[in-house]
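Construct the entire structure; sequences and hints are all you get.
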Amino acid sequence: MNGFGYLRPATLQEAAEACAAHPGARYLAGGTNLVDLVKLGVEQPTLLIDVGRLPLDTVEELPDGSLRVGATVRNSDLAADPRVRDRWPALSQALLAGASAQLRNAATTGGNLLQRTRCPYFQDLDKPCNKREPGSGCGARDGVHRDHAVLGHSAQCIATHPSDMAVALAALDAQVELYGPEGTRRLPVADFHRLPGEHPERDTWIRPGELITAVLLPAATAGVPSAYRKARDRASYAFALASVAVALRVTDGIVDQVGVAFGGLAHRPWRARHTELALLGAPAGPDAFEGAVALELAHAEPLRDNAYKVSLARNLALDVLNRLAPATATA
Amino acid sequence: MTGTTGTAGTALGAPAERREGRQKVTGTARYAAEYTLPGRAHAWPVPAAIAHGRVTAVDTSEALALPGVLAVLTPGDAPRLAEPEDHTLALLQNPKVPHRGWCVALAVADTLETARAAARAVRVHYAPEPHDVTLVTGHPDAYEPEEVGGGYPGRLEQGDPAAAYAAAEVRLDVTYRVPPLHNHPMEPHASTAHWDGDRLTVYTSSQGGSTVRSVLAQLFELPEDHVTAVTEHVGGGFGSKGTPRPDVVLAALAARHTGRPVTVAYPRRYLPTTVGHRAPTVQRLRLGAHPDGRLTALLHEVTTQTSRVREFVEQAAVPSRVMYATPALLSTHRVSALDVPSPSWMRAPGEAPGMYALESAMDELADAVGIDPVELRVRNEPDREPGSGKPFSSRGLVACLREGARRFGWAERDPRPGVRRDGPWLTGTGMAAATYPAAAQPSAAAARALPDGTFTIRINATDIGTGARTVLAQIAADRLGAPLERVRVEIGHSDLPPAPLAGGSMGTASWGWPVHDACAELASRLAAHPGPLPAEGIETRADTTGKADADSPYAKHAFGAHFAEVAVDTVTGELRVRRLLGVYAAGRILNARTARSQFTGGMVMGLGMALTEHSTLDPAFGDFPEADLASYHVPVHADVPDIEAHWIEEDDPHLNPMGSKGIGEIGIVGTAAALGNAVHHATGLRFRELPLTPDRILAGLLSEG
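Each protein sequence line maps, in turn, to chains A and B.
Reminder that position 293 of the first sequence reads as 293 in the working numbering, one-by-one numbering, no gaps.
One gets the working numbering by counting positions in the second sequence from 1 and adding 1000 to each.
Take the hints with a grain of salt, since some may be wrong.
[Said to hold, decoys possible] Chain A stretches covered by chain B per the calculated footprint, using a threshold of three residues with CB under 8 Å from any CB of chain B:
1) 243-250
2) 310-320
[To be verified] No farther apart than 30 Å at their CA atoms in a straight line, the calculated lysine-lysine pairs in the DSBU-like style are these:
3) B:Lys1390 x B:Lys1547
4) B:Lys1547 x A:Lys39
5) A:Lys39 x B:Lys1096
[Unchecked claim] With the C-beta cut set under 8 Å, the calculated list includes, among others, these residues of chain A facing chain B:
6) Val38
7) Pro55
8) Asp57
9) Arg83
10) Arg116
11) Arg118
12) Pro134
13) Gly137
14) Asp142
15) Gly143
16) Ala238
Hints in this document: simulated from the structure, not taken from any laboratory.
Every residue, glycine too, gets a C-beta built ideally from N, C-alpha and C.
The structure is reproduced here in C-alpha cells:
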C-alpha cells in the first residue's frame, strides 16, 4: 500500500514546520474530503499532519463586535452558534444546506474552505484532468458537465467549488486568517479561491505550508439581514446546482449595504460585484434587483449542457433579494 | 392484514418481525466480505480505461514489487475457464475490451489497501478502437430481438395497428425517455472464495446461491457437489445480484491462483460498469381512441441498447400486452449492441420504464378526451389479457383504482392543470396504474419435526433484506399449526434443498410452495405417528418441479394504483412530493409488516426514478460519470414524504398454495408516471424525459413564460 506518515502536532509552529519539511505533506482535520481523495488515489500524501486537535476549536467574540471562528470548529457547531444564527444567518443557513448531519459533525471550518471540487473527472485517475494532472486535458468540457461552471472558467478547467459555507462567508465579507512560515496574514474569503486560468491545479491563494487558523466574521456585516438559498437535485445531501448568499441593508428605501455571492457557478464563490455596485445607493426594489443581477450574469459563458444555471442563479438571487428587502425597508 | 388460519401469532398475514433483525442492527450478521478465513487475501480489479479495443500488454512489475502483493492476474495468465453462457463472466480469458470498466487485471495482496495500491500500479497497454456508446433511434445496427427480458417475444402485433391508429378519431403520438439507472444495493457486490483441493466454497452476496453453484461448477468444470455457495445475509440486490457477478468468479480465480482464500469486494464506483444497470429506453407511444376514451389502437415501440458482451433487452413494451383492451396492439423492441457496460435486471425490468411511458401517455389521453384519468382506465379494462387472450387468474386493478381514489380524495380534484398556487409553489395531483407478473419457479424444500416439539425448514432460499426467513417460517407454522417460535428456518446455503433466486417477485411464491407441501405432508405423517419421535425426528421433502412451472390457462399478475401530490417550486424548478399512496391487489399478503416495507421501498425507488436518479453515458469515455452515491442521487429522507401502502383482499385459487402474488417490484411500477402526471397537473407542462430535475422543470416553466 501507499504508506504515509501521520503526525499530531502540539502547536501551530510544529505543524507548519513539519509541513515545510515534508514535500507532499497534507494537513488533515475532519478528513471528510481528504480521506476520500486518498482512497481514490487523487491525493497521495507522504505525511498527514493532523491539525484537528490544535486549539483552534473555539468561536470567540472580539471587542469590535466581530466573530473569530477557529479553523477546527465543526460545521454543525458553527451552524448552531446563537451569535451566528442571530447576526450572520446566511452563514448558518449555508452550513445547514451542506452535506449531511454526519458530515457536518466531522467537517471543519478550515477544511470546508479547502475541500476540492467534486468534478467526476477530477476523481477518476483514468481520465484527463488538468486540476489533478496539469497538462492532461479536461474531460468534462466535452463530456458530462451539467454541474459545471458558467462563470470564470478557462480552457483548462470548468470545475466548480462545492462549498456552501464559503459562499455565505464571501457575501458576508469574512476573512481567512492564515498562519505560515512568513507569519500570519489575512485574505478576504471572496478572494481566497482562485479562478482556474492556466493553473487549475491551484484552488486557492494559500502558500505552501500555510494553515488556516480562523475565519473572521466582521462587525460590519453583523446584524445585516442575510440569507442563503440553494437549489439542488434532491432535497438534501447534494451539491448546489446554483446557490446564492445575500446580505442586504436598506435604509429609507435605499440600499446602503449589500453583499451578493453565488455558489455552484464557478471555481470559487462568485462575489457579484457588478450587482453590488449597481445596487449600492440605489432604491431597493424588484426592478433594481432584476437589472443588477442581470449585469452580473451577463458575464456567464454557459457550456453545452449547463445554461440552466444562469436562469436558476438569477431566480435564486431575485428571490432572496426581494425577500430581504421589504423586511429591512421599514427598519 | 387479516389472518385466517393457524395458531394465534403464527397466522399468515400477521406482522411478524424479521427474524434476523437483531443480528443486523447489532452488526453480528455476517456478509460475504466478512468471512475472515485464515490466510485470507484481498483482490482488487483493474478496470479497462478504454471503451473499445484490446489489451496489448500488462506490465505488472511495479505492482508485484509492492510488499504484500501475491499476484496480478492478467488475461494472459489467469486460470482458464470453460466458456460461460453469460459472457460477462468470461473474465481475464482474452485481451478484448468490450467496454470501459471491463476487468483487465486483478491484483491480489495480503490486505485490501495493498491490493488497491497494486491494482493502481498495474500498467495496462491498449490498442484502442473507435467506440459507439450513444443510444439513438434509427441506429444503423439496430435490430428487432427475437426475445426480450423475461423470455417474452420481442414483437407482438394484433389487428392492424397502423391502420387502426390512422383511422382513430383521437390520436396521441408521444415519446418518453428513461435514462440509465443503477441498482446500487446498500451492500456492494462481494465474494470470498476458498479452495480445498478441487472443492470450492464461496461466500457471496447473491440473490440466488443455487445458480452461483451451478455456474461456478460449469466455469471451473467441477461436479456441482464440489461447489458450496453460502449466501447467508445479502444487503440488497434489486436484480443486480440475480446472476453471479464478476466478484465471485474473480475471487475463485484468485483463490485458485494463489492457494489462499480471497475476498473480492467491489468498490461502489466500479458497480455501474460491472453489475448491470437498467438500460436507457426511448419509448414511442401512439394511442388511438374513441372520443369516449376507449382505445382503438395501442402502439408501444421501445428503442434500447445492450452491450457487445451479452444481449439483454429491457422488455419495456411488454406491459402494454397486459393492461388495456384494444382491438389493435403493437408492442415491439429495437436494440443496438454498443460498446457499453452490460445492462441487466433492475427492479421491475420492463414494467418500471414501460409503465412510466404507457401510464404517462394514458394521462395525456385522458387530457385529450377530457375524461378523468381513473375513469379512463376503468373504461379500458379488458376481459382477458390482451397479449395472450388468457383469462386473468384475478385482476384487481379497478378495485385498486377505486380504493386509491377514495383514500386519496381524488373525487374532489379539479382537473384543470396549472391553476393551483401556494406561494411560489404550483401544486398538482396525478395517478397511474401498476402491474407485475405473478409467477413461481420450481423449488425443493425439507421440513423436519424434532422430538422436542420444534421444526426445522431447510431450503436454499435467499433473504436479500425482504424478510424471506420470516415469511417462510410463517408459511410453515401456519401449515403445521405450530407456534412461530418453534419453527427454525435454514436458508442461504447450497447444501440445502435447491431453490431459485430471490428475483422477479417470485421468491416467496417459489419457496413457500414446497415449504407448504413438505409441511402438509409432515403434518399428516405426525398425525399418523404413534408415540414419541425418533431422535433424528421425521423429515419430509417436497419438490414443485412440474407444478410451479406447469403451463397455466390463466394470465397471472398483481395490479396496483398509485396516487401522488407534488409541489413545483417556480423559483428553482425543484420538485417536492407531498403525498404518495399505493393500493395493491397482490393475492394474499403473507406478512403485513414486511409486505408494507416492500411496497413502500418500491415506491421510494420509483420516486427516485421520477425525481433524482439518472446517469449519463459519457460519449467521450463510455462509462457513467455518476459513479458514487454523492453523484448518483438516490432519494434521501428529506425527499420522501408520507407514503401510504394499502392492499385489497384478493382470493386467487390459481396461484400457489398460499394464494400469494409477488410484491417486491410492483411498488416501483407506476410511481414515476403518477409523479410525472402530478407535475403536469401542477404546471400544465408535459415533461417526457426522466428524471424531473430542476434544470428541466425550470427550463419548461421559463419557456412557458
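Status of the hints after comparison with the structure:
no.	hint	result
1	243-250	violated (count 0)
2	310-320	holds (count 5)
3	B:Lys1390 x B:Lys1547	holds (19 Å)
4	B:Lys1547 x A:Lys39	violated (52 Å)
5	A:Lys39 x B:Lys1096	holds (29 Å)
6	Val38	violated (10 Å)
7	Pro55	violated (32 Å)
8	Asp57	violated (27 Å)
9	Arg83	violated (27 Å)
10	Arg116	violated (13 Å)
11	Arg118	holds (6 Å)
12	Pro134	violated (19 Å)
13	Gly137	violated (10 Å)
14	Asp142	holds (6 Å)
15	Gly143	holds (5 Å)
16	Ala238	holds (6 Å)
Of the numbered hints stated above, those contradicted by the structure are hints 1, 4, 6, 7, 8, 9, 10, 12 and 13, listed in ascending order.
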